[in-house]
Amino acid sequence: LPDNLIQGTGRIDGDLINLNTKYPGRLISIDVQEGEAVRANQTIARLDSREYRAQNDQIQAQLDAKRQELNARRIELDILRRSLPESLLKADANLALNLRARDELDQMISAQKSLVAQSEKDRERMGDLVEKRLIEMRQLEAAELKLNTDRDQLSALMFKRKQLDQAISIAKSGRVEASAAQHRIAVMEEGNKALASGIKALQATKAQNDAVLGEMELNSPIDGFVIETISHGGEVVGAGSPVATLIDPKTLYLKIFVDTLKNGKIKIGDRAVIFVDAYPDRPIAAQVVRIEQKAEFTPKEVSVASDRIQRVYAVHLKPIAPDPLLKLGLPAIGVISLDGKNLPSSLREVPE
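Going by my numbering, the sequence shown opens with residue 1, and the numbers climb by one from there.
Among the clues, some could well be false.
Taking CB as the label site, the calculated pair distances span [unchecked claim]: (1) L213 - A285: 41 to 47 Å; (2) L330 - G269: 52 to 58 Å; (3) E124 - R290: 50 to 56 Å.
These are computed hints drawn from the structure, not numbers from a lab.
For every residue, glycine included, the Cβ atom is placed at its ideal position computed from N, Cα and C.
Throw the hints in and build the complete structure from the sequences for me.
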């Protein structure tokens with residue numbers, strides 16, 4: 001080679017991307033194969049999400065019911081504000097309304113107590129699993145969050161019942177109609193606040209569940225290729241488990257080795273070309289993007305000009321633009337020009 005050219009052999013390397021699960025679950029499917037091209041945001045794998053979707057449907061149903069209840073109570077409150085009771089008969093009607101509301105609330109309290117009891121059991125079970133290191137701490141934290149949310153909802157319901165009892169007592173006392181109406185309005189205002197707080201708690205729970213559902217599909221973060229599928233459909237995977245390995249072709253580079261005599265002449269940005277054996281007449285324009293600062297012993301598969309040279313430096317040659325000829329692990333030859341001139345146009349111009 002001319003004095004301004006430096007030749008080296010090596011293999012195509014690149015930055016691998018491990019696609020990991022965020023939450024544990026059973027893989028329904030792996031939708032790609034090794035070597036397949038993928039697009040950014042393309043679905044790579046799916047986790048079973050039926051349980052989370054069922055929970056989401058339940059939460060949404062509770063939200064709809066509570067919003068309807070709050071809307072009805074606001075309408076009722078507006079009516080009470082516009083027309084104060086004028087007779088004891090109206091007070092009796094209000095009393096009956098409160099009694100019915102308390103009966104319905106008692107049913108809700110009973111259901112909520114059952115939910116709290118189940119959440120306490122789930123929390124205890126999660127604690128045992130964490131102690132046995134079968135699950136991660138954040139799953140225990142999620143169980144504790146759900147228990148606290150359920151308890152807050154129960155407290156809100158109990159608070160509402162207390163307010164209803166107060167309203168009933170006021171109606172029974174036979175106090176002045178206007179006074180009774182004012183107390184009734186105050187009770188409903190506080191009840192609406194408690195109901196609104198319960199809705200916010202459910203919204204927070206749903207947002208958390210939506211976040212989990214969003215992680216049930218594993219999508220490619222890049223336009224690239226599948227190097228390896230690690231897991232398979234039907235397998236149960238833990239949080240953080242790798243499902244597939246991807247690579248972005250824009251990160252591919254040729255790693256060659258040069259001796260200490262030549263390393264000092266090479267600079268970042270020097271022009272270069274890459275050749276693969278299958279296409280000897282197709283040079284791939286490249287440039288030097290990295291020069292290792294520490295020498296290493298000559299790898300077995302790399303030959304150097306002199307047997308006296310035992311330590312070499314790794315040099316990375318990156319294509320100017322991604323080229324479909326380059327594949328991870330493919331052997332290749334790189335030629336660097338120290339002055340940007342005389343780069344070969346064919347592998348036949350490069351001595352073996």
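Of all the hints numbered above, which does this structure not satisfy? Sort the numbers upward. Hint check: 2 fails alone, others pass.
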